[in-house]
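Quick note on our numbering: the sequence shown kicks off at 67 and runs consecutively.
If you are wondering where the hints come from, they were derived from the structure by calculation, not from laboratory data. Some clues are possibly wrong.
Said to hold, decoys possible - Here are the simulated lysine-lysine pairs, BS3-like style, with alpha carbons at most 30 Å apart: (1) LYS284 x LYS220; (2) LYS206 x LYS174; (3) LYS220 x LYS273; (4) LYS257 x LYS273; (5) LYS257 x LYS220; (6) LYS254 x LYS284; (7) LYS174 x LYS164; (8) LYS254 x LYS273; (9) LYS206 x LYS220; (10) LYS273 x LYS284; (11) LYS285 x LYS273; (12) LYS254 x LYS220; (13) LYS254 x LYS285; (14) LYS285 x LYS220; (15) LYS143 x LYS174; (16) LYS257 x LYS284.
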Amino acid sequence: GLADDINKLTETLVSALSNEKQLRAKQEIDEKKFRSIFENAGSGIFIADEVGRLISFNRSFIRLTNFPIVEYGDSPKLSHISWQDESPLEEAIAACIKTRSDQTIEHKLNGPHPVWLNIVMTAIAEDQVQGVITDVTQGKQSEAAALHMAVTDKLTGFANRAGLESYFPELIRQRHGESLVMMIVDIKGFKQINESMGLAAGDELLKITATRLMSSLKKTDWFARLG
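Full structure from sequences and hints, please.
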């Protein structure tokens, strides 16, 4: 009868309200989990619009970029970060929004100590990007150290033959037709010293010669050991 129909309708409404309450509770839990992950992530995470205005960012973003939050807390922008060159970031944001494809760049920060950041950006709206920032300074330093070792003579600290071959063409281009002087110094009797006194004595002689050359020529002069 009518009473049964009312009871069934009441049960349906109660069940629907209960399900909605459970869904809301689950949504709140999921949002708290997402917020916790966002805030506690080791990588810097940010959302910015097409002109670099920051909509959201986490603590790691502030730490990695040394963002001056006290000064720009009300209207923060990516341009407020002390980038060495801001234009690649602007170009990457524009390309990300226009092509709807991920953009990855490596950016250097100004400061007494070099800091390199890797930034991966993804378009998340018509005029917004989400960025993930990681510190790649150690990798950059290792890369630079490996490159330096590849073109440097370990004994004297001068460039080696590979260093000369890579540096000399650039030096000629920098001179723009101006004259330069190249001097080749040979150590007379070096082979006999190695044979009679040993390789250690020869190495010591090379180091002494290198030190004397460095002290007698100008700081703008450049040295390489060819053999």
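Now for the hints, and whether the structure bears them out:
In summary, the hint linking LYS284 to LYS220 is supported, as the alpha carbons are separated by about 22 Å, within the 30 Å threshold. Restraint check for LYS206 and LYS174: satisfied, since their Cα atoms lie roughly 10 Å apart, inside the 30 Å limit. For the hint pairing LYS220 with LYS273, the CA-to-CA distance comes to about 10 Å; that is within 30 Å, so the pair holds. Distance restraint check for LYS257 and LYS273: the Cα-Cα separation of roughly 16 Å lies within the 30 Å cut-off, and the hinted pair is therefore satisfied.
For the given pair, LYS257 sits about 20 Å from LYS220 by alpha-carbon distance, which is consistent with the 30 Å threshold. Between LYS254 and LYS284 the alpha-carbon distance is near 24 Å, which keeps this suggested pair within the 30 Å criterion. The hinted pair formed by LYS174 and LYS164 meets the criterion: a straight-line CA distance of about 24 Å does not exceed 30 Å. Straight-line distance between C-alpha atoms of LYS254 and LYS273 comes to about 15 Å, which keeps the hinted pair within the 30 Å bound.
Between LYS206 and LYS220 the alpha-carbon distance is near 21 Å, which keeps this suggested pair within the 30 Å criterion. Pair hint LYS273 plus LYS284 holds up; C-alpha atoms about 18 Å apart against a cutoff of 30 Å. Distance check on the hinted pair: LYS285 and LYS273 sit about 18 Å apart at the alpha-carbon level, within 30 Å; holds. For the hint linking LYS254 to LYS220, the alpha-carbon distance of about 22 Å falls within 30 Å, and the restraint holds.
Straight-line distance between C-alpha atoms of LYS254 and LYS285 comes to about 26 Å, which keeps the hinted pair within the 30 Å bound. Of the pairs offered as hints, the one joining LYS285 and LYS220 holds, with about 20 Å between alpha carbons and a cut-off of 30 Å not exceeded. The hinted pair formed by LYS143 and LYS174 meets the criterion: a straight-line CA distance of about 17 Å does not exceed 30 Å. Between LYS257 and LYS284 the alpha-carbon distance is near 29 Å, which keeps this suggested pair within the 30 Å criterion.
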